[in-house]
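Participant: One letter stands for each residue in the lines below.
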Amino acid sequence: MKGRLLRTGTLAGGLFVLFGLLAVTLAWNYPAGDLRRMGPGWVPVALGAALAVLGGGIGLAGLFAREGAALPERDPRPLFWLLLGVAAFAFLLERAGLIAAILACVGFARLGERPYRPVETAVLAAFLAALGAGIFVYGLGLPIPLFGR
Amino acid sequence: MSELFDPLLLGFGVALTPVNVFWCLAGALLGTLIGVLPGIGPVATIAMLLPVTFSLEPVGALIMLAGIYYGAQYGGSTTAILVNMPGESSSVVTCLDGHAMARNGRAGAALAIAALASFFAGTVATLVVALASPAMVRFAQLFQAPEYFSLMAFGLVAAIVLAHGSVAKAVAMTLLGLVLGLVGTDVNSGQLRFTFGIPELSDGIGFVPLAMGLFAIAEIAVQLERHFVRGQSAAIEGLWPTRAELREAAPAAARGTLVGSILGVLPGGGALLSSFAAYTLEKKLSAHPERFGKGAAAGVAAPEAANNAGAQTSFIPMLTLGIPPNAVMALMIGAMSIHGIVPGPQVMTREPALFWGLIASMWVGNLMLVIINLPLIGLWVSLLRVPYRLLYPAILVFCCIGVYGLNNSTFEVALALAFGVLGYVFVKLGCEPAPLLLGFILGPMMEENLRRAMRISRGDPLVFVERPISLALLVLAVLLLVAVLAPSVRRAREKAFVE
Amino acid sequence: MKLSRRHFIAAAGAAAALPGIASAQTFPSRPIRFVVPFPPGGSLDVSARAVADRMTVLLGQTVVVENRPGAGGNVGVDLVAKSAPDGHTIVMGALSTHAVNPHLYAKMPFEPLRDTVAITQVGDVPNILVVGPSVKADTVADLVRLIKANPKGFNYGSGGNGSGGHLAGALFADRIGVPIEHIPYQGGAPQLNALLSGETQFTFDNLANAFPQIEAGKLRPLAVTTPRRSAQVPNVPTMGEAGIAGFDISTWFGIFAPAGTPADIVQKLATASIAALKDPATVERLAKLAVVPVGNTPAEFTAFVRAEHAKYREIVRLSGARVD
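Chains as they are written, first to last, in my numbering: chain A, 1 to 149; chain B, 1 to 499; chain C, 1 to 324.
Don't take each hint at face value.
Stated by the list, open to error - Distance condition first, Cα-Cα at most 16 Å in a straight line; then the derived EDC-like pairs of lysine to aspartate or glutamate: (1) Lys107(C) x Glu200(B); (2) Lys82(C) x Glu94(A); (3) Lys152(C) x Glu181(C); (4) Lys428(B) x Glu73(A).
What the hints assert, rightly or not - Some chain B residues well away from chain A (every beta-carbon gap over 10 Å; in silico): (5) Pro18; (6) Ala26; (7) Ser286; (8) Ala327; (9) Val342; (10) Ile372; (11) Leu384; (12) Ala472; (13) Leu476.
Treat the hints as calculated values from the structure; they're not laboratory data.
Cβ coordinates follow ideal geometry from the N, Cα and C atoms, glycine included.
Using the sequences and the hints given, assemble the complete structure.
Facilitator: Quick look at the structure:
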């Protein structure tokens, strides 16, 4: 049974059901209106319901089919470091400026790579920071602070 | 005949002065160079480069901006082909077969086909703009809310054709995209939907953070996970298209040009829909539809031609009415106002040199694009030889800057992060993101026009079938739906019989 | 006074950064951020750029225009309202952000009258009542007669819920005593398209947006919504002259700084921006956008904004528009 649960079809279906139900729940209290003046709730409820029903169908088909694609191998560590890099960029950009944001972004993102090469990372980060500053701040004059406001 | 060609001669007289040729070249080159950075699409590129043109003469400034626009668009296609990242909605389709070709070692061929198809389409569409603008505007004005609704319905069915895997999952992804598209302030009532009290969400989710998350971040995560080390992509087999590829691409480019020229003139959804529609058409016409999504040359040529033709004809509403049909044209109008030209129906008679010069420079710009880009193909392709461990941090950084730069919003960078997680999950679950993006773009327009049509008809749903264009589009949508579903139904039945 | 602590800390921080008293003597000590809370390209954005160019020369520091669109301008104004009140961050507020949104939005991230100080009104764009090609009306009276004869055949478009066009339309329907269907669009361009194609019958558009179509004879102007006629369309009567009294709706915008900005810095910013608005080149650039330059004093502008804020409470209620 566990194997069937970990099929892509079953999981994808479950995810769609989840999103569909979430949409229906959130949109339930938006006014539905009538045919002449359709309210803002009508379309999201209808779409959410359709998504949930279809997701249910996909999920059940995945669960009960004689065979189905199993969830592929996965290793979320690179994703985690990438996300941390993006988060660091978003957090630092307006607080510490573009240079710090790029350095941190590259520093974290490179942790998703094995083996970790500290010198290469430092050189790459410095290069990209210079490139980013050169193109966007000096070249294009975008209102992005280099070193915080 | 002379009243037809005199204005064009005047235009070329303006466009071919050395100064303007220079601005055109500079614009196309700058646009290509900025647009090729991942995460930075045409709107962002034009917005960033707009101030560069402030100091020029009005004609030169507009010619340069047009050059920037073509350059950015082609640059975006380059990124789509090389690293599977659409910088704007219309290059989502180019990703499908363009990147598949690159994975097969045919990146150079894909880039060349894209450049040549774009040039062909640009040439034809420039003629359309010069000769048929008034007729095209009258055509566009036949489209009211019911027609837009039906057109969007047709587009949604086309979204399903994009998938080469499970049809059910593609439909579900389209639905999810439709729901995501509803986030923000409802145009008709002012109701905030799915915004969780976050003011930044009240204008909806941006396309760029969504696409960057689903494509760029998820793609990098998956590549790293595979311990993607140097030179893992297929060996690069020649830079130029083979004769067979060209034979496949040429008719596709011609049909794509036709589709793009017509749809490009429609405000809002037109230019976006054209590349999807052209791709769908090719996949349905092809003797080998199963090759689509795996590197079919026609799957690159058709959407690229449609895309570029649409880019030209989307100038028509702006030039003849002064009404911008999309974000790029709104920026062009802004640029005109900055230079003291009031855009509107009078521009053609009051500033003929500017009007026809701009049209002539469209063609010159497309020529520049080919001249710039054919030699650059070698350079772009050699980027693929850069070890991935050096390439991906650069892609990530440019994506972050691109997402931020569009609205100067760190919130949107955080949003891209969230969609990165979702994109990763989708890859693992075998769900393709392209239908989601199409649903995301079409959904809000479809709902808006559905409710607008019902309001104007005072609640009578028959408006959708009483108006001939709307009816025709709905019939087409149903026919396409049957054509899409029939093979999978037949397969299921055949399977049942075997068992 | 819950907010004063935030401003106190910000002010203290600014004071600490500049030893002695942060005052007009040292201001501006670095480039000034001029936030435009709307996307680039509109007449407000272009006016901001024109004024910023001139202020840069007058103040000796670059005034950098930065677009921060979102939530009808609320995102950008909120950002400035919460910035250090040292004059180095200013915003182009507008009718929408300072008079309409507070009544329109169920939840405002800031309170415009309390969290920002007015510097000067930059410009004013009159609204104009125009009818589409299919409507056989040459005067407002014609239009009213046609609407009363067939109320179901008339829709008016606008650039969105709670936009100036929507509010003017609702006020118009109220004054003539006939409910008219409002069709909102996503901004000024699509609603103009709808009017040209006959999907809607009339609209109250801002003059900048509608003027080229009027000039080309595609749309017929019936009246301007300001108490005085517009220099750009001198033959078009005002709503009052056309028989509909008490109609004064125009799209205005002006410069604001965070609340707590020292008075002498406010004065210095005002002096520079008013001088910028007197510069002939700037006046010419604004005129091409149908913007009437104003350039009043901070006190005058403050009184104006207060009056507008009060006036629109009733108009927004009339329209029934809400964002929640």
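Participant: Taking each numbered hint in turn, which are not upheld by the structure, reported in ascending numerical order?
Facilitator: Violated hints: none; all satisfied.
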